[in-house]
Amino acid sequence: MNLLQQLRLGFRSLLLHKLRSALAVLGILIGVTAVIWLVAMGEGVSFQAQQQIKDLGATSIIVRSVKPTEDSDLGGGSRTGIAYGLLREDYDRLLTNVPTIREAVPMREISREVRQREFSVDAQLIGCTPTYFEINRLAIARGRPLSDTDLERYDNVAVLAHEVAQRLFPIEDPLGRAVLVGDDFYVVVGIAAPRTAAAAIGGSFAARQYDRDVYVPISTFRARIGDRVFTVRGGTFQNETVELNQITAVVDDVRHVDSTAEIIRNLLARYHKVNDYAIVVPKELLEQAETMRTMFNVLLLLIAGISLLVGGIGIMNIMLATVTERTREIGIRRALGATKGEIVRQFLWETVVLSGTGGLLGVACGFLCGPTVAAVREGIRAFLPDMWASLPATIRQLEPLLAPWSIVAAFGISVGVGIVFGIYPARRAANMDPIEALRHE
Amino acid sequence: MSDGTRTTAPDIVASVRDVSKVYELGGQPVKALDGVSIDFRQGDFVAIMGSSGSGKSTLLNLLGCLDRPTSGQYVLAGRDVARLDDEALSRVRGRYLGFVFQSYNLIQQLTVVENIEVPLAYRRPPLPGGRELCLRLARVVGLSGRLDHRPNQLSGGQQQRVAIARALVNNPHVLLADEPTGNLDTATSVEIMDLLDALNRAGRTIVMVTHEPDIAARAKRVVRLRDGRVASITENPRPAGSG
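Residue numbers (this note's numbering), protein chains in the order written: chain A, 1 to 441; chain B, 1 to 243.
Calculated from the structure, these hints are not laboratory results.
Please read these numbers as outputs of a predicted model, since none were measured by experiment.
Possibly wrong hints are sitting among the right ones.
[Unchecked claim] The following residues of chain A were derived to be distant from chain B, with all beta-carbon distances above 10 angstroms:
#1 Leu16
#2 Gly182
#3 Pro392
#4 Ala403
[What the hints assert, rightly or not] Some chain B residues flagged as far from chain A (calculated, every beta-carbon gap over 12 angstroms):
#5 Val22
#6 Val30
#7 Gln73
#8 Gly78
#9 Arg139
#10 Leu147
#11 Asp194
[As the list claims (entries may be wrong)] Distance ranges between label pairs, derived from CB positions:
#12 A:Val420 to B:Glu235: 56 to 64 angstroms
#13 A:Gln5 to B:Ser232: 45 to 53 angstroms
#14 A:Ile419 to B:Thr70: 36 to 44 angstroms
#15 B:Glu87 to A:Arg8: 23 to 31 angstroms
C-beta atoms are modelled at their ideal positions from N, C-alpha and C, and glycine is treated no differently.
With the hints as constraints, model all of the structure from the sequences given.
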């Protein structure tokens, strides 16, 4: 019997019990669909995470100032005024002492209300250099970025993030107009293109939002705002002195990232008695994310594998019933010359047809993952707006990514399940005594 | 095919020599066959008779290579098949033997022509033009009009005709029939016996188990078994209904 005949025979035997076969197929279908969907969702989530980390730059090393914990010895600080964080000296030291650093950007930031006539925005005022835009892949939609001349001349110029510009200038063109920060006016020279949030860097920082930023030259920042910031907390004045909030160093080659991070760590440790900074290496984050992704996939495969196992048991159950029912047919075929091997093959093919059909249909349903997720998302947005608002961004933005390997694996596993769970019933069929089988009613 | 397995007469297609079959029943050995020896010549038509428990079913199972004798020799198509393993026995059944059963034993989900084709599926190497052969055999047994029918759409006699066609498809050395008319009414029994007669006249060797004397009367020879032994072998001088 050739392959085509075997398959045809398998189909026809299964069609004798349509409902029973359909239920067995359904078991496998659900398993295969589960594999494909779960992997696609997992891939989608981790793709998002990786994209956010990649936005930080694979060759970057980010050093941030961190306010030391209360009980730390602040060395010269007092209860009402503390100085901590990265120093401008640190920036110079990094640039002069670490040869693998191609460029570095110092950054100072503070929350400030920015006003324009009756409009105001609680913005994040960022003091930086022109390189900051390039390193953070901030595109300028209109106007120009900050320039070296701005820095040299301590100019009061600003580049607005897209959303800030929209809220301060709902109607007018912001370019060339002035915005007010505290008592100082800044002339808007450029508007940044919209940009999605980058990954949270380190455990202590929230995802970096770019849509509330107002960029000014770091020299101007120092001159107008200074290092010391006063805040009123619990009725008492507090002041914090921070020279730099962040230094982003770009390494010349991705292979030098790990060693450079180590050098920076040692260098800073020599000058900082208190642990008032944190080093974030996006490449390490990426590697962590990669490990997470693998673990996630293994977990999902395990869950999906269990459902396939259940489907396989269903198939075995049905094949055992089939074999018992068709004892007479087995006896006839044996009498007419079929060997045990040929009987095994016949029933094995039947199981494989069963599980393979489930597998194919499961793959077809797997392709529906994207549209289904989109439909569910639109449904929630349209009919359950409150629930929609409470969903985390990861879920709201989730785009399942069909992984080709998961489709191949799911189908392969389903056929494999058919073979594994078909062998016992098939062998049971083949090992029947033909004389007994022929007498079977 | 060693020398010891060669039969002396060239026209003997099957022969059992001193064959015994012992079953264990409740720890007690039971002799179902006890030293049976019969030769079947080319073109023979043998009816095996005997009361229930006489060993005729056991003998038919041995002749059909569905079972192996405890001792003795069974030479089929020139070789001793009594000690072959299961796979080799399957091949021998498919290649040299044709079966006709009392309850027809057609496969219900297959059509008439597909049922006739079943033995071809297990033939090594495959027979070219198998489908044409099946159509011709369906015509021979008078069923060319019902090729696409299922067994449950046929009468008992028609089903038995399908079974006979199926038994012939591999051109067997011996056609084994187990009570071929046992489930049929008298008129249909006569038709089926006429068909077997015709096949036999065309040279087919037929071994038939029956307990009906008038059916046995249509064979050339009648072997009577009693308690696992051959009680008598009688020639029917002029088989009834062959004139």
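Now for the hints, and whether the structure bears them out:
1. Leu16: violated (6 angstroms)
2. Gly182: Correct as stated: the minimum Cβ-Cβ distance to chain B is 89 angstroms, above 10 angstroms.
3. Pro392: holds (55 angstroms)
4. Ala403: Per Cβ check, Ala403 (chain A) is outside 10 angstroms of chain B; nearest 40 angstroms; holds.
5. Val22: holds (16 angstroms)
6. Val30: holds (16 angstroms)
7. Gln73: holds (21 angstroms)
8. Gly78: With a cut-off of 12 angstroms, Gly78 (chain B) remains clear of chain A, as the shortest Cβ separation is near 19 angstroms.
9. Arg139: Holds, because the least Cβ-Cβ distance between Arg139 (chain B) and chain A comes to about 21 angstroms, which exceeds 12 angstroms.
10. Leu147: holds (17 angstroms)
11. Asp194: holds (24 angstroms)
12. A:Val420 to B:Glu235: 56 to 64 angstroms: holds (59 angstroms)
13. A:Gln5 to B:Ser232: 45 to 53 angstroms: holds (48 angstroms)
14. A:Ile419 to B:Thr70: 36 to 44 angstroms: holds (38 angstroms)
15. B:Glu87 to A:Arg8: 23 to 31 angstroms: Holds, since Glu87 (chain B) and Arg8 (chain A) (Cβ atoms, about 25 angstroms apart) stay within the stated range.
This entry does not satisfy hint 1, going by the numbered hints stated previously; all others are met.
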